[in-house]
Amino acid sequence: MDIASLIGVLLGGGLLFAAILTAEGSSLGAFVDYPSMMVVIGGAFSALLISFPLKKFLALFGVAKVVFINKTPDIPKLTKMLVSLAETARRDGLLALEERISEIDDDFIVVGIQMAVDGSPPETIEELLRTEMEAVASRHQNGKSLLDQLGRFAPAFGMIGTLMGLIIMLGNMDDPSSIGSGMAVALITTLYGAIFSNLFCLPFAEKLGFLNQQELLSMEIVIRGISSIQAGDNPRIVEQKLNTFIPPNLRTTADENEAA
Amino acid sequence: MDIASLIGVLLGGGLLFAAILTAEGSSLGAFVDYPSMMVVIGGAFSALLISFPLKKFLALFGVAKVVFINKTPDIPKLTKMLVSLAETARRDGLLALEERISEIDDDFIVVGIQMAVDGSPPETIEELLRTEMEAVASRHQNGKSLLDQLGRFAPAFGMIGTLMGLIIMLGNMDDPSSIGSGMAVALITTLYGAIFSNLFCLPFAEKLGFLNQQELLSMEIVIRGISSIQAGDNPRIVEQKLNTFIPPNLRTTADENEAA
Amino acid sequence: MDIASLIGVLLGGGLLFAAILTAEGSSLGAFVDYPSMMVVIGGAFSALLISFPLKKFLALFGVAKVVFINKTPDIPKLTKMLVSLAETARRDGLLALEERISEIDDDFIVVGIQMAVDGSPPETIEELLRTEMEAVASRHQNGKSLLDQLGRFAPAFGMIGTLMGLIIMLGNMDDPSSIGSGMAVALITTLYGAIFSNLFCLPFAEKLGFLNQQELLSMEIVIRGISSIQAGDNPRIVEQKLNTFIPPNLRTTADENEAA
Amino acid sequence: MDIASLIGVLLGGGLLFAAILTAEGSSLGAFVDYPSMMVVIGGAFSALLISFPLKKFLALFGVAKVVFINKTPDIPKLTKMLVSLAETARRDGLLALEERISEIDDDFIVVGIQMAVDGSPPETIEELLRTEMEAVASRHQNGKSLLDQLGRFAPAFGMIGTLMGLIIMLGNMDDPSSIGSGMAVALITTLYGAIFSNLFCLPFAEKLGFLNQQELLSMEIVIRGISSIQAGDNPRIVEQKLNTFIPPNLRTTADENEAA
Amino acid sequence: MDIASLIGVLLGGGLLFAAILTAEGSSLGAFVDYPSMMVVIGGAFSALLISFPLKKFLALFGVAKVVFINKTPDIPKLTKMLVSLAETARRDGLLALEERISEIDDDFIVVGIQMAVDGSPPETIEELLRTEMEAVASRHQNGKSLLDQLGRFAPAFGMIGTLMGLIIMLGNMDDPSSIGSGMAVALITTLYGAIFSNLFCLPFAEKLGFLNQQELLSMEIVIRGISSIQAGDNPRIVEQKLNTFIPPNLRTTADENEAA
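Protein chains in written order, with the working numbering: chain A, 333 to 592; chain B, 333 to 592; chain C, 333 to 592; chain D, 333 to 592; chain E, 333 to 592.
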């Protein structure tokens, strides 16, 4: 559960609601127009449907869920575990790692350790793990680009709706008193497009990009850790190498580690 | 047949039509203006004609067709086939692959396997296949850039049309009652440019980029597969390597593979 | 002679003229304003003069000519020639190429073949040809960037002209009947900037980029061909390598080649 | 204390205040609207909360402080110190550096020198220091991107607020005399968004980018210096190498250095 | 003295002046507003002060001078000199270059030749010269980015000024006759921002980028030349290598060179 994103959506939405409700002469009704919603949201999703195959398009909804429900990798814990595996390997040999595989709940590490135990050469292990890492990056990139595109199409269809509204209004200027309300309706699509893009699509895309970066970082740490373990590096050196990926104030030393 | 793109075009177009037809005081006639269409579509195509040689320009129509009619490479099937070739090569030697070439309907794989059978050195095969891959990427890139350019020129000519309409209207302000309709006509070119760009050109370009990416991925898999086969890798290793390119839930194991 | 660019300019210009002439209440005179032309075109060229040294700036005119008068390299013919040189080298030795140099009208190939005949080591030849290739790319890039800048400055000076026109108009609002015509004149600079940029500068820049890409491709083919010839590759292999750069439907096989 | 940033903020803010206070018919009150502030600043921060995990988001405030309170690395002094370490190493051997470690107050150098004294191989030291350097770059990049995003969201929420204000105003046009003030209020959010973005977020982000670049440069100098020291280079060569990173007019020669 | 930039500034400024003076109903006075100037120029410089440390900010003025007063490296002359040094080295040995050092007025070449004479290994010389080259590129890049930022902030503060002007005007609509002039004044800041950015900042930044590119090219030529000289290459080969950097029509052959 990612509390920040939820707070952000509620806070941002709440602020806009509050602004509408407290403004003098304003009413919520003036901001709700279903046909406008259809043009902006429907139009943006149509453009997205054209841009991607159906299966990719449907992935959008799973991807949007990840923004709220995700677990950022716990990098200090990951480092600790790799250092502990390095200690086992150093003390009892690489084969001794086999017994510890059941402790690990991250498939990516399991594959790497299993290959090391099986005696695959280091380059083969690294190549395989890196290919997996690139594949993960590319799948994430695809998810992010769905939201980025949606964030670009929504304001465009907002503008299309406003142009349509203006053309209709300008063709019916016999009754000047209706100009104001006609123009208000015309502007609503631009407003919808701007809110949909800036409160949802673009921040969601940004968040996915950040989560992707975190996951790639943790995979990079695993790859370097396994390579160090296989090379039989001293656990202290393994720790020193992996700690460079952690901000100084979160680093643990081998001693604390052993004590833990 | 790519159903998503077709649905997207019909849905997006339908929504805009519905919005026009249901809006109060609106009529379809107010949104049809042939000279405006000439300025926007004709202008954007003229700019495209200047930007590319004639032959490239004409390729635009073939490229646009690909958005609707294409087959995304079936990567799990491709992997299965390469693993099966690896099994043949491992059991009966590289030369045994010659008999299986007739089964393969993808020229790119045929060329690679044939060269492996002929005993070309691995680097030569990889270099040749990679050059072919780069050439495919560059041709696709060209097709995509045609649509990207069109998507950039269309709104520009929409704005040019609107400026022309405004200048004409502003020079004829003797009859104030005509100002509204003059301005409505002026705005139509901007609307056309925005729709043409956001419902056709840009999503089409995006789709081509995605298809290109998929095809390059499948070529990458073929290159790695052939290289593994030629190196005499164990079919399980070949499978493990190629599976990294497939999302985990779609992966098949060697056993299922043999059972299939 | 590049027919597409010429058609594009005439068609695009013609469409805009036709739109002006056929619009009700419009006249060509309303669209011609010399001071506005001075501000937009003169301003954009001034900014370009500041951006580049005089000699580079003057190259702009030669560069613009290339858009219309150019010859795209004939890559299938080039490939055929290199394959034929490979046959000569294979049959009669590298020195036999000396007699064939007079047939070649492309200096870039002549330099490479001459060096190969003189016995320069392959790396020296490749380094020299690649440096030449980079230098060509950099010169072309400079030409393209002149037009790209012009295409960016023109709309900016169009906006500057419109702002100036609006300020003048707003300071003279005593006579309301003149507001319309004052505003029409103010908008003309924006129109000029948009047309100059989108019908000339940007498509021209795009075309130069495309021509550059084609020329670099043909130079790349020459470099790979000469390297293959010098390595004594089988002409069939040379052909197969070079053919990868050609779309499949334009490829010729060695047999057709010999028959030709 | 970074005096320039402080002057910039005070000067820029002061100029805008002065412009408001001196303009005829203007009053500060017309520019203060709390609900508008909520929409723009609150909206932009909400979007930022969605874009990043909570911990990252909170880092924003520490990052903003760095803009004002920081110390740019003193590169000439750094170079002098590394040259002096090189002299010690050359004269008394690498081990002699151990005694000098206490003089050094930069952890990054201490780690490198300590490893050199401990006899770690040069590649290991460089790899470790480079990983640390990349990690620092990535943390800084994250901080900068928080401000960049804020600088993008603020004008977007400014526009959202203005659209909301316009829609409210257009729905209440019965009293024409209120149109002006309604529109003035509507425009205030756009003004807030533009000022918040251009006087705070974007310059702050730019400054962080610059500080990051400076710190990476000093880390690069340390890495090259330690590598040179470990290789036993002549201190004059070390100095010549490191001096290339300093603008010519700030360089010191070994002689001045010794005299100092 | 760079005549093109001076002509550009005078021509561009002159055109705008002429347009103002000749327009009907216009006066220079309507375009001069000191508070507006303060907001735009002062605001943009404030934002720049925040973006960079004081020392860097002050470098802006030196950098702007370079746009007008600079000498583009004379590459054909540089090539000739390197070829002549190659002849000396080939005829009389590398040590004979020592006597010719006094002829050279470019420090970068002197350093390289001196190191070659001193017998430094080629990789050391190249590494040192490349570091110097990167440092020059990075300093130039910094200078260019000052102007690029200024060119981005100026229109932003122009818009801020216009929004402030509009808000003031809209709050004082009791006297309709003042609306026009109020709006004219409001637009002036946008005009100032656009002119300052497009006639000064952006073209200046472009020019610096071009000068930087030229200087890096000449440094690249020097590095390759010295490497060739040190390798004892035949002067004709040296010339052929370096000539690739010069457009064909400006190349000199060794014979002309000797005759000169």
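Some hints here could point you the wrong way.
Repeated chains share a single entry, so a pair holds when one copy, or any two copies, can fit it.
[Stated by the list, open to error] Computed list of lysine-lysine pairs in DSS-like fashion (alpha-carbon distance at most 27 Å, straight line):
#1 LYS412 <-> LYS476
#2 LYS412 <-> LYS397
#3 LYS397 <-> LYS409
#4 LYS409 <-> LYS387
#5 LYS387 <-> LYS397
#6 LYS388 <-> LYS412
#7 LYS387 <-> LYS412
#8 LYS409 <-> LYS388
#9 LYS403 <-> LYS476
No lab work stands behind these hints: they were computed from the structure.
Here's how the hints hold up against the structure:
1. For a Cα distance limit of 27 Å, the shortest separation of LYS412 from LYS476 qualifies neither inside one copy, at 31 Å, nor across copies, at 29 Å.
2. Proximity of LYS412 and LYS397 under a CA criterion of 27 Å is satisfied in neither setting, with 30 Å inside one chain copy and 32 Å between copies.
3. For a Cα distance limit of 27 Å, the shortest separation of LYS397 from LYS409 inside one copy, 25 Å, qualifies, whereas the shortest one across copies, 30 Å, does not.
4. Proximity of LYS409 to LYS387 under the C-alpha cut-off of 27 Å is restricted to the inter-copy arrangement: shortest distance 17 Å between copies versus 36 Å within a copy.
5. Proximity of LYS387 and LYS397 under a CA criterion of 27 Å is satisfied in both settings, with 16 Å inside one chain copy and 20 Å between copies.
6. In this assembly of identical chains, LYS388 and LYS412 lie within 27 Å of each other by CA distance solely across copies; the values are 22 Å between and 37 Å within a copy.
7. Taking the shortest Cα distances, LYS387 and LYS412 sit within 27 Å of each other only across copies (21 Å), while inside one copy they are farther apart (39 Å).
8. Only between protomers do LYS409 and LYS388 lie at most 27 Å apart by alpha-carbon distance; the minimum there is 18 Å, versus 34 Å within a single protomer.
9. Both within a single protomer and between protomers do LYS403 and LYS476 lie at most 27 Å apart by alpha-carbon distance, with minima of 17 Å and 24 Å respectively.
Hint check: violations occur at hints 1, 2; the rest are consistent with the structure.
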